[in-house]
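> Sequence:
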Amino acid sequence: SFVVGDAFRSRFDAMGVPRSLLSRSIEDYGTMLESLIPWTATAVFMVATTGVAWADYAPWQLLSLTNLLIAPLWVLLGIGMKRSGLPERSY
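Quick note on the working numbering: the sequence shown kicks off at 1 and runs consecutively.
Fair warning: there could be bad hints in the mix.
[Claimed, not checked] Here are the simulated distance ranges between beta carbons: (1) V52 - D6: 29 to 37 Å; (2) L63 - S23: 31 to 39 Å; (3) V52 - A14: 41 to 49 Å; (4) V52 - L76: 18 to 26 Å; (5) A55 - R11: 31 to 39 Å; (6) R24 - G51: 28 to 36 Å; (7) A7 - T50: 28 to 36 Å; (8) A41 - A71: 19 to 27 Å; (9) A7 - P59: 26 to 34 Å; (10) L62 - T40: 25 to 33 Å; (11) P18 - F45: 30 to 38 Å; (12) W54 - V4: 33 to 41 Å; (13) L69 - A48: 24 to 32 Å; (14) T31 - L76: 20 to 28 Å.
Because the hints were derived from the structure by calculation, they are not lab data.
We put the CB at the ideal spot given by N, CA and C, even for glycine.
Sequences are here, hints too, so could you generate the full structure?
This is the structure:
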């Protein structure tokens, strides 16, 4: 992925957010968006394999595009995450 976890590790630690969420964030943005950036290895592979130009398949990457809105919303609302050092809520 083109996003490096070391760049954000200290910020996540300062906020008390577990490293597993850092990994999830890298996955949400790095891997999911990589196919939409034409000069990455993933996009080059997709174009070479399918013969479909990047601009032609980009609008059909619905999961990747929707993820731009959903992933930060989940973080802001605290959905699917727990803070370090705090007890887990049981339902």
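> Between V52 and D6, does the beta-carbon spacing fit 29 to 37 Å?
holds, 34 Å
> Evaluate the given range 31 to 39 Å for the C-beta pair formed by A55 and R11.
Hint holds: Cβ distance 34 Å, inside 31 to 39 Å.
> Does the Cβ pair V52, A14 satisfy 41 to 49 Å?
holds, 43 Å
> Given the hint of 33 to 41 Å, is the C-beta distance from W54 to V4 inside that range or not?
violated, 23 Å
> Check the following: the C-beta atoms of A7 and P59 are separated by a distance inside 26 to 34 Å.
30 Å Cβ-Cβ, so the 26 to 34 Å window holds.
> Take the C-beta atom of T31 and the C-beta atom of L76, compute their distance, and say whether it sits inside 20 to 28 Å.
Given range 20 to 28 Å: holds, Cβ gap about 21 Å.
> If I claimed the Cβ atoms of A7 and T50 lie 28 to 36 Å apart, would that claim hold in this structure?
Hint holds: Cβ distance 32 Å, inside 28 to 36 Å.
> Go ahead and decide if the range 19 to 27 Å is satisfied by the Cβ distance of A41 to A71.
holds, 22 Å
> Has the hinted range 24 to 32 Å been met by the Cβ atoms of L69 and A48?
holds, 30 Å
> For the pair V52 and L76, does the Cβ-Cβ distance stay inside 18 to 26 Å?
violated, 35 Å
> A range of 28 to 36 Å was offered for this pair. Does it hold for the Cβ distance of R24 and G51?
This hint holds: roughly 33 Å between Cβ atoms.
> For the pair L63 and S23, does the Cβ-Cβ distance stay inside 31 to 39 Å?
Violated: the Cβ-Cβ distance is about 19 Å, outside 31 to 39 Å.
Comparing the model with each earlier hint shows violations of hints 2, 4, 10 and 12; every other hint is respected.
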